[in-house]
Amino acid sequence: MADGKVIYMDHAATTALHPEVLEAMTPYFSQLYHNPSSIYGPAQLARKGLDEAREGVASVLSSRPAEVVFTSGGTESDNSALKGAAMALKQMGNHILISSIEHHAVLHTCHWLEKLGFETTLLSVDKYGLVNPDDVAKAITDKTVLVSVMYANNEIGTVEPISDISKAVRARAKVLNRSIIMHTDAVQAAGYLDLNVDKLGVDMLSLSSHKFYGPKGAGVLYIRRGTPFTAQEMGGTQERNRRAGTENMPGIVGTAAALKRAERSREANVKHVQALRDQMIAGIEDTISRVRLNGHPTKRLPNNVNFSFEMVEGESTLVNMDMLGVCASSGSACTTASAEPSHVLIAIGQAMDIARGALRLTLGEENTKEDVAYVLSVLPGVIERLRAMAPVK
Amino acid sequence: MPQYTEKVIDHFMHPRNVGEIENPDGVSTITNPACGDTMMLQVKITGNVISEAKWRTLGCSVAIATSSIASEMMTGMKLEEAEKLSNKAIADALGGLPRVKMHCSVLAADALKDALKDFYTKHPDKKPYTVAK
Ligand SMILES: Cc1ncc(COP(=O)(O)O)c(C=O)c1O
Ligand code: FES
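Sequence order for the protein chains is D and W.
For what it's worth, the numbering used here labels the leading residue of the first sequence as -11, then goes sequentially.
For what it's worth, the numbering used here labels the leading residue of the second sequence as 53, then goes sequentially.
Next up, chain D with everything else stripped away, as it sits in the complex:
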């Protein structure tokens, strides 16, 4: 911006730690540094912090505290969920069902499991990125042990019908008389959607704290009581033998503080970002030609805007917007270094040349109407400038 202010609109990539969360974490770095597994008095304070954090997370998930496992983030939660369930049930079958628009933490884990003899079916999605629960039911076989469908997509923001998918999975499991584990990657949903695990009907759910104003390198894997699970970290007995290793206390306390705060302010925050999102979407559609909104018009995260622009390379738009003081993304942060079009945009049926032109703006608490107005005042010029340079019109 002219006054040098930077507008951050990449909250799906990460968020800034909230001061309130930092305050909750601070004592656990050096003051309450003791190992919560130790026997002496001071360690009991750390133990208390750990127990309270677990209860705090459980209260948001409407789960039992014992079902909450603290991890190093979304990637570990997804890895552990898939590997842990697959390993535990490998005598029962080798088939895994996931959507074709999962995060790489799920996709690549499945590829790895394939090397061990598992088979993965990628469920196709419709042009909005929606998974059809009937398709899930149909794809379940007498070898299926695990279904994993993300709650909300990180690129296009599409919100999947998780509770309907869970119901379909349960119904098929009953008919086939077998146990099928239902996992959801809720990393992008936290802070925006209801995380009640019973309403969702899931056995496992992944969270990553830095997506909801918590610390990086910390997250949660919810594992419903009785779910077959083989621990992926071996060592001590921490986290009820489901995740060995001395607890990351600042991260855990920060996770709980951030999640409780996110839940407390969820309604207001959803309202806030949704208004900005709608202003942004309408503004882009009004002022720029040959654009396409990626994702579902209404079944989408309240903070997600994702557009494809014909005749523009997404990276160019990002660099130009960066020069104008706007931090945005062309998809997931991990794919911006590569020139490959996003697997999500390909899955919703975009032609390769349009898939490269995507711009993702993900809004957050601190964004304002003025921020959106500023983006809308510069973006049409950026697209026009880049298009004017293109060889074909």
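The set of hints was computed from the structure by calculation and includes no laboratory data.
Just so you know, even glycine gets a beta-carbon here, dropped at the ideal spot from N, CA and C.
Heads up, a few of these hints could be off.
Non-contacting residues of chain D with respect to chain W, defined by C-beta distances greater than 12 Å in every case (computed) [said to hold, decoys possible]:
1. Leu20
2. Glu40
3. Thr63
4. Gly271
5. Glu303
6. Gly345
7. Ala361
Pulled a few chain D residues facing chain W out of the computed Cβ check, cut under 8 Å [what the hints assert, rightly or not]:
8. Glu301
9. Ser304
10. Val307
11. Met311
12. Arg344
13. Leu364
14. Val366
15. Ala378
16. Pro379
Dock chain W with the ligands against chain D, hints included.
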């Protein structure tokens, strides 16, 4: 923005020589197989020197910056020199590129070779004897 040098940003934000030439002597439109980005290059040749170069590119910021600086570098170059203009030299002129973006500089270098080939096809007599293959 630390990812790119000031030169890359300068040429991306203020690209030189964008457009077309009336009656060009050599033309090329090529696509980077790695990513699908496309560059169109046109050159005017006076004697054995590139006297003018114009381009249009649909690509990433680096593709645009390399198109721009390459058009400056080739202008005034003798044909036998221009033949040898490498993507490495173009990248160096921009103060270097991140390793993952080196492939983007190939576009401009290849377009130049291709435009010269077009020129020689139309004017076989102008082909400098130094050129092998
Ligand atoms: C949907 C989804 N799953 C998993 C992850 C991985 O989370 P993290 O990078 O925090 O481990 C991300 C983060 O980009 C995500 O968006
Ligand atoms: S990504 Fe295609 S040229 Fe740079």
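Contradicted hints - numbers only:
Hints 5, 6, 13 and 14 are the ones this structure does not satisfy, whereas the remaining hints hold.
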